[in-house]
Amino acid sequence: GQQVQQSPASLVLQEGENAELQCNFSTSLNSMQWFYQRPGGSLVSLFYNPSGTKHSGRLTSTTVIKERRSSLHISSSQTTDSGTYLCALERQGGRALIFGTGTTVSVSP
Amino acid sequence: EAGVTQSPRYAVLQEGQAVSFWCDPISGHDTLYWYQQPRDQGPQLLVYFRDEAVIDNSQLPSDRFSAVRPKGTNSTLKIQSAKQGDTATYLCASSLTGTANSDYTFGSGTRLLVI
Chain A
2 GQQVQQSPAS
12 LVLQEGENAE
22 LQCNFSTSLN
32 SMQWFYQRPG
42 GSLVSLFYNP
52 SGTKHSGRLT
62 STTVIKERRS
72 SLHISSSQTT
82 DSGTYLCALE
92 RQGGRALIFG
102 TGTTVSVSP
Chain B
4 EAGVTQSPRY
14 AVLQEGQAVS
24 FWCDPISGHD
34 TLYWYQQPRD
44 QGPQLLVYFR
54 DEAVIDNSQL
64 PSDRFSAVRP
74 KGTNSTLKIQ
84 SAKQGDTATY
94 LCASSLTGTA
104 NSDYTFGSGT
114 RLLVI
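Note that the protein sequences, when read in sequence, are chains A and B.
In terms of our numbering, the first sequence is residues 2 to 110.
In terms of our numbering, the second sequence is residues 4 to 118.
Everything labelled a hint here was simulated from the structure, so no lab data went into it.
This one's a predicted model, so the numbers in the text were calculated from it and none came from an experiment.
Check before you lean on any hint, since a few could be wrong.
Which residues of chain B face chain A? A partial, calculated answer using Cβ under 7 Å [said to hold, decoys possible]:
| id | residue |
| --- | --- |
| 1 | P41 |
| 2 | Q44 |
| 3 | G45 |
| 4 | Y51 |
| 5 | S61 |
| 6 | S98 |
| 7 | F109 |
| 8 | L115 |
Don't be surprised by glycine CBs; every beta carbon is placed ideally from N, CA and C.
Please build the complete structure, drawing on both the sequences and the hints.
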């Protein structure tokens with residue numbers, strides 16, 4: 002089965018709303034990364050988070066290894082947050098990434 | 004500092020044609036990755052190198068795909084006899100061994116359409 006699963010698959014928000022994106026994994030990991038991707042665009046690294054909680058502006062990432070999950074919280078969403086958010090597991094023993102299928106976020110004004 | 008550079012930006016082929024993609028990683032990054040991202044899916048690793056050595060090519064369809072990094076810097080991914088199922092964006096990324104941070108950097112990708 003898939004080693005990294007993301008939920009929800011898509012999310013529609015009104016500007017100003019908060020959102021929580023989930024990533025669950027079924028294998029041991031070295032670290033978890035979160036990326037942002039615009040349609041047709043490259044991947045931009047948001048967080049490198051092996052464990053615990055990290056903050057960057059309106060974004061918060063929390064990884065709980067024991068529970069095999071990581072989350073990305075978006076607070077006070079803006080239209081510029083629209084795009085796809087991908088989590089990726091970095092396996093122990095190497096830095097190749099295993100990606101989830103992504104959560105597509107659409108924020109309307 | 005320049006990022007990861009990929010070319011071409013787009014490619015349109017008929018089935019059976021060959022195509023090559025080129026990647027220039029961030030200077031000093033010893034590890035280079037090629038990922039395939041089908042539409043509406045997450046990227047999937049094809050192959051990765053440390054310097055000029057292949058570390059993992061287990062997901063590379065060896066009958067039609069090949070990848071090289073002869074001097075441990077730039078890399079070329081080639082598809083012989085493309086199929087419609089190869090339609091995807093091909094992403095190159097690079098990182099530095101021994102660093103435990105978000106130095107993993109992706110290029111803009113090459114969007115391939117096989118008709």
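Structure-inconsistent hints, enumerated in ascending order: 1, 5, 8
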